[in-house]
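Listed below, chain by chain, are the residues.
Number of protein chains: 2
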Amino acid sequence: MAQVKRIVVIGGSAAGPKAAARARRMDEDAEITIIQKDADLSMASCGYPYYVGGVFDDRRMLLSTPAGVVRDPNFFMNAKNIAAKTETEAISIDRVGKTVGCKNRRTGETESLTYDKLIIATGATPRLPPVPGINLAGVTTLQSMQDADYLRAIRDERKIKKAVVVGGGLIGVETCEAMELAGIKITIIELLPQLLTFLDWEMAKLVENHVRSRNADVITESGVAAFLGENGRLTAVKLQNGTELPCELAVVAIGVTPNTKLAREAGLHIGKAGGISVDAFMQTSDPDIYAVGDCVEVPHLITGNKVLAPLGDLANLQGRVAGENAMVGNVATFPGTIQTGICKVFDYAAGSTGLSEKMALQAGFEEIECAINASPDKPGFMGAKMLITKLVVEKSSGRILGAQCVGPGDVSKQLAQWAMAIKGRLTVEDMVNADLPYAPPFSLAIDHAIATAHIIENKLKGRMRGITAAEVKKKIENGEKPFLLDTRGPDEYEEMRLGIGEALIPMGVLRKRLHELPQDKDAEIICFCKISLRGYEAARLLEGKGWRNAKVLEGGIMAWPFAREK
Amino acid sequence: MAQVKRIVVIGGSAAGPKAAARARRMDEDAEITIIQKDADLSMASCGYPYYVGGVFDDRRMLLSTPAGVVRDPNFFMNAKNIAAKTETEAISIDRVGKTVGCKNRRTGETESLTYDKLIIATGATPRLPPVPGINLAGVTTLQSMQDADYLRAIRDERKIKKAVVVGGGLIGVETCEAMELAGIKITIIELLPQLLTFLDWEMAKLVENHVRSRNADVITESGVAAFLGENGRLTAVKLQNGTELPCELAVVAIGVTPNTKLAREAGLHIGKAGGISVDAFMQTSDPDIYAVGDCVEVPHLITGNKVLAPLGDLANLQGRVAGENAMVGNVATFPGTIQTGICKVFDYAAGSTGLSEKMALQAGFEEIECAINASPDKPGFMGAKMLITKLVVEKSSGRILGAQCVGPGDVSKQLAQWAMAIKGRLTVEDMVNADLPYAPPFSLAIDHAIATAHIIENKLKGRMRGITAAEVKKKIENGEKPFLLDTRGPDEYEEMRLGIGEALIPMGVLRKRLHELPQDKDAEIICFCKISLRGYEAARLLEGKGWRNAKVLEGGIMAWPFAREK
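Protein chains in written order, with the working numbering: chain C, 553 to 1118; chain D, 553 to 1118.
Check each hint, because a few of them may be wrong.
To be verified - Keeping only pairs whose Cα atoms sit at most 30 Å apart, straight-line, the calculated DSBU-like set for lysine-lysine is:
#1 Lys-1073/C - Lys-1013/D
#2 Lys-1033/C - Lys-1073/C
#3 Lys-557/C - Lys-1013/D
#4 Lys-650/D - Lys-1097/C
#5 Lys-1097/C - Lys-1064/D
#6 Lys-557/C - Lys-557/D
#7 Lys-1013/C - Lys-557/D
#8 Lys-1064/C - Lys-637/D
#9 Lys-1064/D - Lys-637/C
#10 Lys-1097/C - Lys-557/D
To be clear, the hints were calculated from the coordinates, so they are not data collected in a lab.
Being a predicted model, the structure only gives us computed values, none of them experimental.
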């Protein structure tokens, strides 16, 4: 009989249990052990904000199988024959002896576990700003089950009135929503000029506007100087510019750092991005050790660069690959990421897949084209909601490099479509005639994604000159006087308008009122409407009539991120 | 000055107006005319069932721009400088003289319109069964605005109690829902053994079960023999088997036939599938004539065969291509279809993209693998809804050939993902590590589509032997005695069970109760649970313990299309 294989997995949150479960399915006889620092196992940590916000009340749902069984050590032993040692910390790896030294956090007892293959899934730790007061009561993160319990209790007590969220990333905005649902007045502090840095600025600004509309404040380009307190309790957050924001709670969400200490001390190779180095088999520099989840770095499939991608879905996929390979040899691969991410922010969703314009430029793509499209997700008569997408493509090939989407509409489907398009290395030409599922309850006859491809195709073919809201704003601030042409109807204009000196000439009468336009055929005329479809028609009309510098304000009023007159 | 180009478009529903509008954007000076038989223009015909069903009440929403302007001849003239002749029928095409003969349906006046380029968008006509009584009052289709008005009036009057829908295709089931919402008791009659023939039988059966659960009857494998009436009004539908179904209304939805008469009479080539032949430029056998929409046939992108694909989204895309090409020469192409379709059926959605198993076999793909996956669309704590997907792949290459999805969950996103995967010619290997937008409000950490890819990967790698519900049912009916192993918990078993002789051994105690299984290691053991994830774990366990014929009932109880004990 073959020798029984021993697999040790360090980490019991997402990637670790997945690796262990997959390993078990490969070999019923192996000895599989999970070492887990926390008391809980296999937590649905991405669900914390929704528990804190009161979307559901039963905390066990974060820890249970779909059939309602809590994933505790008993469950792992009975259902999967996996030994899960909770409240146990891995403190050293002996690569020669092939053992892991562990310490029980309650009893202090230590033991040594022998492995044939080791899987490291040590996760990541929330970064904390190195400022005074970080240890005051009332300063927390939202990373662990304990954090979730702490914040949920605050919600249920309804005593705290003001809180500050430090960091405007994905977890920051999710936390903001959760605390606002708990009736707490929130201010988000972000060091950078925008929230959600996976979005380009103008897209992030639309999200910021929505956050503000829900009674939360946003302060960008401001760092925290100190947490101020009395009697050990937080009373205010002090910004670097001196402002003090009185509050009883501060949630810090400025990102995470991969937990590589154990791997580093064992002499495993750590990559440039700061994560444990692994190959496509999720194998570290030691062939008997795999690493998965938030502690590793993986290739970006477009740039080829190694990146950190601490996301729950990738952790699971990597765990599955490592679990298989550790048990049966290297047969499965994890190719990398396009950093697809999404979050819910009140009535909006916001997300990105592939490269933003900023990221594409940083990665050395010099010849790129972008387009912004605002259009509804389905017909008006089916309860349409708005979507705003920014698409980034490589000019020479038309290859899709990235897409960002925000708004109250079905953002998730849009991003999923673009993620698959990027996976398939599709081009604009592929997307203009994509064959997507159409019926009025689900989409427009020309889906928002296809309409976005049409816009960028028109730009690439020289049939549309786009101009962004930021460019228009700059022109106005610089004292330039482009002719601004709003092509909507008078009722629409009364209801909502930019108020930046535009002339209102509805599309339906534009052919009769061309004399009201600058008669200099080289004059810059910027056309728009609510979403700039009529704006585009107007620009085509003007070009047909000899104007040589007609432009379209991309995404129209819906994508205008600045204050409007109305 | 160049001569003004004259474009004539025959047809004013979807493809025609899109072609005309695109043509206008290519050339401001051209003369563009739409000839439209009906009184209305640019109708959102896919929205009829939702108007009839009362999802919205303002009929003008079907005819208006998003800004609320009715797309009538005035709108087309003012906003687009396009002459739209409504209630006007094209009766002949003179390809030598390049004219179209038209007749005004109110006045009877005729005229001849000269074209440089002609675009045919004559659409399709509902097929009617050649049986007595078809002209009785109360027998209708749901194809035109008049049909929609007629059925909406019936809904509003609330007098009719019973109706029959003849045809269980996409429009049939949408109509069924609409009429049921109007408080009418519905029976669907379908000649074939299943509803929605774009689905494989077992998937269609799940939809049928849902339709029945909503108080509608479904009679398959039955044709209509006659519509019976009194005083010119429908009183019953008589089936070929003699059954008479008393009803006051019958809606016929047995498919459509492309309107090719005009093209045929003009000597244009008609293809094998029965549609007007066009190339990728949407050009007919006459280089001055393009054709688009429901009247044409187009290539299927997987099989290469020409197919009819009368879908509103493709009509629009084709119109856009033809409008551009007709005006500026052949620069744009429409590559073809993968026949992506979706419909809402009460609380379910159902759809397909690419090839079903049946279609793949018909198309000559002999070595295919299929998998059925049932799993929720998001975490339980976020209000998960079930999805059931059947995936079809080519065995040798792993290439995705098709996907079907039904259920109350987010079917639309699933199909969109698969449609893009097929467009990109992706394989199972690409899909097992797809990087999709994950956050709890939108999906599971391992998205349903990725989980489906995992299942088929396990099958292809020989790690899972699947068996379908239909195969299990047949075995039981044939008197075979496979050991049926339900691995759920006792509470789950009490709540819902197949009742086909299964033994209940929960996964958590299976390792201790292996002695209850057949000790013949070649015995057939069929493992399942609610969705067959635990069923799969059980099969892996049994294989690890030496059983050589352990199988997984794919999709578990959720994908079981037959009657259950509970």
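We went through each hint and held it up to the structure:
no.	hint	in the structure
1	Lys-1073/C - Lys-1013/D	violated, 66 Å
2	Lys-1033/C - Lys-1073/C	holds, 15 Å
3	Lys-557/C - Lys-1013/D	holds, 21 Å
4	Lys-650/D - Lys-1097/C	holds, 28 Å
5	Lys-1097/C - Lys-1064/D	violated, 84 Å
6	Lys-557/C - Lys-557/D	violated, 78 Å
7	Lys-1013/C - Lys-557/D	holds, 21 Å
8	Lys-1064/C - Lys-637/D	holds, 22 Å
9	Lys-1064/D - Lys-637/C	holds, 22 Å
10	Lys-1097/C - Lys-557/D	holds, 16 Å
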